[in-house]
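> Spelled out from the first residue to the last, the chains are:
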Amino acid sequence: MMNTGSRHNRLIPMALLFVLAIIVFSCAPIVGMNTIPLSAVLHPASGGMESNIFWKIRIPRVCISFLAGAGLAVSGMAFQAMFRNPLATPFTLGVASGASLGAAIYVRLGLVFSVLGISGISIASFAGAILSILLVYGLTRARRGFSTATMLLAGVAISFFFSSVILFTQYMSDFSQSFRILRWLMGGLEVVGFESVLNMAPFVISGSAIIIYMTYELNLLMTGEEIAISRGVSVWRTKKILFFATSLMVGGVVSICGPIGFVGMMVPHICRLLIGADHRYLTPATLLFGGAFLTLCDMLARTLIAPAEIPVGIITALLGGPFFIWLLLGKTSSKRGII
Amino acid sequence: MENTIIEIVEFSFSINSRAILKDISLSIKEGEYISIVGPNGAGKTTLLKCLDRIHKGGNGDIRIAGKPLDKYSQKELAQKLSYVPQADGRISPFTVYEFVMMGRYPHLSPFSSPGKRDEDAVHDALDITGISEFSERLLPTLSGGERQKVFIAAALAQGAKVLLLDEPTTFLDPKHQADVHRLLERANRERGFTVLSVTHDINNAILTSRRILALKDGAVVFCGPADKFMNNEILYKIYEKSFLFVKHPQTGKAITVPEVP
Chain A
4 MMNTGSRHNR LIPMALLFVL AIIVFSCAPI VGMNTIPLSA VLHPASGGME SNIFWKIRIP
64 RVCISFLAGA GLAVSGMAFQ AMFRNPLATP FTLGVASGAS LGAAIYVRLG LVFSVLGISG
124 ISIASFAGAI LSILLVYGLT RARRGFSTAT MLLAGVAISF FFSSVILFTQ YMSDFSQSFR
184 ILRWLMGGLE VVGFESVLNM APFVISGSAI IIYMTYELNL LMTGEEIAIS RGVSVWRTKK
244 ILFFATSLMV GGVVSICGPI GFVGMMVPHI CRLLIGADHR YLTPATLLFG GAFLTLCDML
304 ARTLIAPAEI PVGIITALLG GPFFIWLLLG KTSSKRGII
Chain B
27 MENTIIEIVE FSFSINSRAI LKDISLSIKE GEYISIVGPN GAGKTTLLKC LDRIHKGGNG
87 DIRIAGKPLD KYSQKELAQK LSYVPQADGR ISPFTVYEFV MMGRYPHLSP FSSPGKRDED
147 AVHDALDITG ISEFSERLLP TLSGGERQKV FIAAALAQGA KVLLLDEPTT FLDPKHQADV
207 HRLLERANRE RGFTVLSVTH DINNAILTSR RILALKDGAV VFCGPADKFM NNEILYKIYE
267 KSFLFVKHPQ TGKAITVPEV P
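Each protein sequence line maps, in turn, to chains A and B.
If you're matching positions, the first sequence starts at 4 in my numbering and goes up one per residue.
If you're matching positions, the second sequence starts at 27 in my numbering and goes up one per residue.
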């Protein structure tokens, strides 16, 4: 009874996010260089060009952007809770750089393999993500304790280091590989057919499922490690599981879309303002809004300078920079204790 | 109420091969109220953290309710002990109700929503601590005193019968200090909570607790009834400083007052 108030307050933004996600998901495939007429949508087998564009290009692309947005946003949310810092994201911690490096090396070596139908580049990215998390964590442990500042510094250092290794890899590649790596580093969602979707989905879905399973632990980690332990959380075990889950998601997303920045920072913040910090509600909200947000950004990327396309990573970075400044200067966030 | 709840036998603990606790032996009975005093760096906080396994390891034997500490899972331990850390100034944006409900974690499973029992425990904790009226406010909007009550409420809601507190009143104004002391006393007397409280406030330790544990350089220098504690022979050993005493106007107990040069 005492808490019905806040439950009520959560219901409206939650419903709005749900509606937004549905609208975005259903509108995004129609909007583009050519608007798709309804008849083409309804007759996928007709084989007409518009029907092909809709079913083989637009729908997979919307699925990819939704999955990628949801995965990156919820990873950011988990990092922010674990490190108790709003600036902890897959990027600031070097996880995305690790994943990128894995993918760049895969491209440079011209590898082509797959395991159980999952493409090698995703596995290489996942390995890179895990590696960078272990490095960040190892560095902070070597300095004793779990200080957040050390962890972020280690993340930034590793991020720079990996970026230069990526540049080096690119420099050592031939022209076509080099272009492929460069274009992919800008972040993009151009996919054809459902192969990439089927490749990314298991990573994002299993990672999110683990996060959803750990919402109580995320809440407690956010209040501080000592409190979490005294409430009964096995902190180190929990962190290992969360590292694994976030690496899955970041690796799965980055291998296909490249490092798309700022989604993992902006989306959880906005959701926290709307829903509050309780991860039982924040997690579904972040998944929904993350998906809708990146799909919207991609819609902009496809239409702003049509017929050409802007890499979606540029759009999110253009939105993310000012958002970052707003966060630093804003009164609301400091009042709500987010920064 | 005469059962031993915590039994520490010759416990030592070191960090980076520096001994923080040396051969601590201590037995605590259910329902006791013990103040832990001593100079900075004496190992008071470390002792609490070792009991709650925030620090793991150490040599010697610790038993909680008869069972060795390392045989407990963290969740089981959380049903026996709860801990209120020193205020660290970093406050997450939860509402008071949400935060106190998190105390119920050791009683919840991953997909179960908090049930009637959990809600009752939370309301009860909010009532004892007198913070029901701001249960919907966000933690960052509270004053230090209000926040400390919230932290204690969360520990009470946890349903563990032993409360470990690390300097619960250090940063509070006199009114909130009195509030916190009163509510800890009530929890101890009326609800049977065992209280272990680290403090620098010797006078309050004397007035609130029956037993005092004094640590210095990681070793026990005094452990006994509060009225035997207030003499300069003991206090000088602990603080390397002598004190002036007067009688407390209500209780007649000796308390210290500051010297005038």
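Bear in mind the hints are in silico, worked out from the structure with no lab data behind them.
Source: prediction; values computed, not measured.
You may find that some hints are simply not true.
[Claimed, not checked] Over 10 Å on every C-beta distance to chain B, these chain A residues come out as not near it, computed from the model: (1) S29; (2) F116; (3) S117; (4) G141; (5) F163; (6) M217; (7) N222; (8) P314.
[What the hints assert, rightly or not] With a straight-line cut-off of 20 Å between C-alpha atoms, the simulated SDA-like cross-links for lysine to any residue are: (9) K243/A - K254/B; (10) K243/A - R215/B; (11) K59/A - C30/A.
Yeah, the Cβ is synthetic: ideal placement off N, Cα and C, and Gly gets one too.
> All hints, please: hold or fail.
How the hints compare with the structure:
no.: 1; hint: S29; verdict: holds, 30 Å
no.: 2; hint: F116; verdict: holds, 36 Å
no.: 3; hint: S117; verdict: holds, 33 Å
no.: 4; hint: G141; verdict: holds, 18 Å
no.: 5; hint: F163; verdict: holds, 27 Å
no.: 6; hint: M217; verdict: violated, 8 Å
no.: 7; hint: N222; verdict: violated, 6 Å
no.: 8; hint: P314; verdict: holds, 34 Å
no.: 9; hint: K243/A - K254/B; verdict: violated, 50 Å
no.: 10; hint: K243/A - R215/B; verdict: violated, 42 Å
no.: 11; hint: K59/A - C30/A; verdict: holds, 16 Å
The structure does not agree with the numbered hints 6, 7, 9, 10 stated previously, though it agrees with the rest.
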